[in-house]
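Residue numbers (the UniProt record's numbering), protein chains in the order written: chain C, 1 to 114; chain S, 1 to 191; chain G, 1 to 215.
To be clear, the hints were calculated from the coordinates, so they are not data collected in a lab.
Because the structure is a prediction, the values reported are computed rather than measured.
Here a beta-carbon is modelled for each residue, glycine too, at the ideal position from N, C-alpha and C.
Some hints here could point you the wrong way.
[Claimed, not checked] So these bits of chain G aren't anywhere near chain C, every CB distance computed over 10 Å:
(1) 28
(2) 40
(3) 49
(4) 74
(5) 81
(6) 107
(7) 117
(8) 134
(9) 145
[To be verified] Covered by chain S, per the in silico footprint, the following chain G stretches (three or more residues, Cβ under 8 Å):
(10) 51-65
(11) 94-105
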Amino acid sequence: MTTVLPFTDQLDALVRQVPGVDALYPAGSIVATVLTATLDAVAHRAPAAPLVHTPLVHTAQQADGVRVTAKIGIGAAESSAEVSARVHDAIAAHLRQAGNPPVAQIAVIVARIG
Amino acid sequence: MPGTLREQVASPLAAATDQMLADRAADGDLRAFEVLVRRYGPLMRVYAIRILGSNDESDDVVQESFITAWQQLGTLDDGSAVKSWLMRIVSRKSIDRLRARRQHVNIDDTDAPAPDHHAPHALAEVESQTEALARVLAALPEDQRRCWTLREVAEYSYGDIAAEVNLPLSTVRGLLARARKTLLREMEEWR
Amino acid sequence: MTELTPANRRFLAFDLDDTEREQAGLSGHTIEHLSDYLDRDRMPADASIDDSPDCEIALRGLERLRRAQRLLLERDLERESRRDDSWVSAILDNITLEAHAGREIPLAHPSPTARLVVTEGAVRGILRETGDRMQNVFVGRCVLVGDVSVPGAPISIGVDVTVFPGENIPLLAEQLRHAMYVALGKYTELVVAAIDITVSDLQALPDAPAQEKEH
Numbered sequence: 001m002t003t004v005l006p007f008t009d010q011l012d013a014l015v016r017q018v019p020g021v022d023a024l025y026p027a028g029s030i031v032a033t034v035l036t037a038t039l040d041a042v043a044h045r046a047p048a049a050p051l052v053h054t055p056l057v058h059t060a061q062q063a064d065g066v067r068v069t070a071k072i073g074i075g076a077a078e079s080s081a082e083v084s085a086r087v088h089d090a091i092a093a094h095l096r097q098a099g100n101p102p103v104a105q106i107a108v109i110v111a112r113i114g
Numbered sequence: 001m002p003g004t005l006r007e008q009v010a011s012p013l014a015a016a017t018d019q020m021l022a023d024r025a026a027d028g029d030l031r032a033f034e035v036l037v038r039r040y041g042p043l044m045r046v047y048a049i050r051i052l053g054s055n056d057e058s059d060d061v062v063q064e065s066f067i068t069a070w071q072q073l074g075t076l077d078d079g080s081a082v083k084s085w086l087m088r089i090v091s092r093k094s095i096d097r098l099r100a101r102r103q104h105v106n107i108d109d110t111d112a113p114a115p116d117h118h119a120p121h122a123l124a125e126v127e128s129q130t131e132a133l134a135r136v137l138a139a140l141p142e143d144q145r146r147c148w149t150l151r152e153v154a155e156y157s158y159g160d161i162a163a164e165v166n167l168p169l170s171t172v173r174g175l176l177a178r179a180r181k182t183l184l185r186e187m188e189e190w191r
Numbered sequence: 001m002t003e004l005t006p007a008n009r010r011f012l013a014f015d016l017d018d019t020e021r022e023q024a025g026l027s028g029h030t031i032e033h034l035s036d037y038l039d040r041d042r043m044p045a046d047a048s049i050d051d052s053p054d055c056e057i058a059l060r061g062l063e064r065l066r067r068a069q070r071l072l073l074e075r076d077l078e079r080e081s082r083r084d085d086s087w088v089s090a091i092l093d094n095i096t097l098e099a100h101a102g103r104e105i106p107l108a109h110p111s112p113t114a115r116l117v118v119t120e121g122a123v124r125g126i127l128r129e130t131g132d133r134m135q136n137v138f139v140g141r142c143v144l145v146g147d148v149s150v151p152g153a154p155i156s157i158g159v160d161v162t163v164f165p166g167e168n169i170p171l172l173a174e175q176l177r178h179a180m181y182v183a184l185g186k187y188t189e190l191v192v193a194a195i196d197i198t199v200s201d202l203q204a205l206p207d208a209p210a211q212e213k214e215h
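In isolation and in its complexed conformation, chain C is listed as follows:
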């Protein structure tokens, strides 16, 4: 179940601003699934344009609380543990300020280094 939560708009910008974050990638599996399905179909037309309007940081409201997933690329000079911890802490602080909802998980995936 995926719901667009009120604070999600700001999460992309927030994560991008964390020192050491070089790139932000779509974290929702939906994007990948849609893209793959489109391309694998016996297409009668050009593949769909990249889906850019979905927020890249993925958020979902589930029974046990909010789940946030951010997929990032970091600079070669950075430590993945430090940058991912900074991203986590920034998201956690943002959630506390935005009504402090129960948090089930904040996931940070370092998908690319350098």
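Knowing the structure of chain C, use the given hints to seat chains S and G on it.
Just chains S and G, lined up with the frame of chain C:
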């Protein structure tokens, strides 16, 4: 975005063997994959154009082929065979397109990309031999054209062609002989 | 060469539907035979082909066809190679890192709701980068062997490396191994028990890489 082109600098990757590039691309190295795209993209497009004619579909087919290749590179056991593997992907996607197009237009076995079949004599003076060859190729029946393209563009062995088009070797040989005879006959006309 | 072709027999050899007429016009051979003969560079020599004027004419025709095919392919490839780069970007913009992300390797964090990971794909990327920063070394496939998803579980790394001729292979392998340990320590919390480097000599490529296992 992960796909952003990097500045084109003389990288050792550009000189790397197919095997090295395929191994690295299978591990997720986008730069190695980009070198493969540049190395074999033009040949794949020539292939698609031979099968589909020169149009947007040929572009789409090559693009889809590379996206499939990126996703499935891990299944390629022998990286040095990446060229024929890529040609197989573009070959299959081209045929899929051709079939889909035929279902759409609902025409039968006549071949779509062939231009108007002008009398060879009328064109002989204005056409170069290569242009004439391209025109005759486009007019070949689909099965002959497919075997010919696998042989002459993708450089497949007769056995590999038979496996790819799922026909007995003798049939493939017959189709290729027939294609060559047609081309020879037409070439006699151009002289 | 055309003067050898009797005008009234020109198309006899290329009859599409009548194999008997084809053979009659080609001294018992077919265009298929002759094409195979050319594929073999006319070896071993077959006198029944070489001594037949009809076959010779057909062989010249086939050779002319091959030249035309080669020219056509060259012309097409040149045209395609001259295209601007937008088609390359169109492809690269549509592929995702997803396909090669591999397993997730955990990074420690005190919060129980935190799940911090670095992907296997990212780790392979930094192993390649480490090699690329060294001279005369080319890193190929990298594998992480062991359960990387369990914090603290010892794992090993396998790396295929190509080394340029004339290099001191044991020395290079040692330098590379050291640099990779440093990189793994910086970007992951993996407990790396061994980095196995398999070296191929560039000269031996591409056919049969002479492999030399380095530990």
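**OP:** Taking the numbered hints from earlier one at a time, note which ones the structure violates and give those numbers from smallest to largest.
**Re:** Going through the list in order, the structure violates hints 6 and 7 and respects the others.
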